[in-house]
Every structure is written in structure tokens, then in C-alpha cells.
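**Student:** Use the sequences and the hints to build the structure in full.
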Amino acid sequence: MNLEHLKVFFTAATKKNFSETAKVLHLSQPSVSLHIKHLEEYLNTTLFDRSTKKMELTHAGTILFSYAEQLIQLVNQVEKDISLLSDTIHGDLRLGASLTIGEYLLPYYLGDFIKLYPEVNLSLTVDNSFQIIEKLLDGKIDLGFIEAAIPRKEIESLPFLEDELVIISSARDPHPLLAGESIEPELLFSLPIIAREHGSGTRQVLETNLLKHQLEFEQLKIIMELENTESIKSAVESGLGVGIISKTTIQKELNLGLLKQTRIKGIPLKRFFYLIHRKQVLSMASDAFKELFIANMKEKN
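Position in the sequence shown counted from 1, then plus 11, gives you our numbering.
Wrong hints could be hidden among the right ones.
Stated by the list, open to error - Within a straight-line C-alpha distance of at most 25 Å, the following computed DMTMM-like cross-link-like pairs (lysine to aspartate or glutamate) qualify:
no.	residue 1	residue 2
1	Lys258	Glu227
2	Lys290	Glu15
3	Lys232	Glu218
4	Lys301	Glu165
5	Lys223	Glu173
6	Lys290	Glu165
7	Lys258	Glu114
8	Lys151	Asp298
9	Lys281	Glu229
10	Lys18	Glu80
11	Lys309	Asp174
12	Lys263	Glu248
13	Lys151	Glu130
14	Lys164	Glu145
15	Lys258	Glu236
16	Lys281	Glu241
Keep in mind that the hints were calculated from the coordinates and are not lab data.
**Tutor:** Now the structure itself:
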């Protein structure tokens, strides 16, 4: 049985769409169809029911799917065990991180890893938390770093750092409601807020914590939505409004006296950052990065 045919079949059965499968595997759609056709010919059976618009597995396809992931993981374990015979860790390592982690935290650890493992080809994709999860599920990255927990049975989540969201305002032209160290929750709805976009971990944490205290995110006075923390900081600095972002991202501005931070009384906007990966055998490079990163986080805390 051809392993590449099996990998294409497993992805197609998971995505339930040949077009999406082609995108994930960087193949053409006819190539995906050809892989499936060859596998069906080898097994002398039909794996997908093509009589309806919705792509469904046949009984034979369901049986094969139940074994496919195990077979793929077994091959990955064999490759990993053989690689252990070598003294060096090599190969590709694709990391994906949310904007906050990818811009303000992770870069400090990439250099140390490359010095230890120069034969690893490392790449980093930065996007919002939702997109990082999608990229992990699609097999486009090996390890992900996100800002909110996700209840997905196929994903392993490991908390590595506690973070806090704070209200930020211009230190030179502070909003009158933000003169003190904290603000009453009901006054939050009078502030002109520059918010992060849908899908961002920062926004998800804010929505969840407000809801826990019977406050609705939709009632906030959102004057602008931006997809970049630096853009929010610049807009706030110039006096356009206030923001609610990670304290991790504003240390330089606080030290320089450019921004002021304020908390919400009785509503701690705390969260954990998470390292995520598929529940499967990790490559040696992924394992090495995970261990080094977690060790450094423990030492830092």
C-alpha cells in the first residue's frame, strides 16, 4: 500500500472536500483524485460515495479511515526512532503563533534553538489564534502557540505562561475616566474602544470574562477594529481611543511613559498562553523545541 495515497485519503476523509485537501497538501485537485483512484484500485473497492454532492465514506472507506491515522503515526514513529540513531536533530520545524506570542515572546527563543540545532530548518507563521488552530489541524504547522484554551479532542494543549489584559490609554492625553489605577465595570461602556478582530485570542478572553460578570461585549463602544497590536498601541498613543490588550506587549511603552494601564475592578482579565500540537508522534525537531521552550518558561517563572 502506497503511504502517500493513504495520507491523501486520510486528509480527504477528514476535510470531506477534494478541493480543500488539495490546498492543504499543496497538490492539484486532479492529483488528489488520482491518489484516491490508485488506492481504490489497489484495494479493489470504492472508498467515497460519489452519488451525492456531499462527500461521504463508504463502508470500506470507514474501515480504512479507522486504521489510516494509526498507520501514519506508526510510520512517523519508525522514522523518528531511526533518526535517533543519528547524533544530530535535523529536518523541518514549522511553528505557528498568535500575534501577541509571535511578536513579543517567541522570537527570543528562536535564536537559542537555532544555535543548539543548526541543521533544523525553522519557519514561523504569525496569525490570530483561530487561524493558528486551523493551520495545525490542516497539517501546515507542527507546533502552535495561542492565547486561549481549545476543547478539541485531537489537539494537545499545554499552558506555559499566565498573562493579563489591561486597558491602555495615552499617557500624554489620558481619558478622564482612566485617571486612577482601576475603573468601575459599568464605566467600561463609556470608553471609545479600539478592539482586536474576531478570531483573536485577546478578544475571546475579553468576551468570555465580561460574560462571566453578566456584561456583554456587544454593548461596548467599539470605534475601530484592528488586526495588529502595534496598530492598536499607535492609535491609542495618538489619542484616538483606548485599547484592551496584553500587558506582555506594552512593557516598553510603560517604561517610556507613552502609555498608561488601568484594570477593571473585580474583573481580572487573566489567561494562559498555550502550546498546542496534534495528538500524534512529534518529530525530533518538534520534540526538541517543545522541551527547550517549556524548560525556559519554567526557569523564567
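**Student:** Which hints from the list above does the structure break, by number from lowest to highest?
**Tutor:** Violated hints: none; all satisfied.
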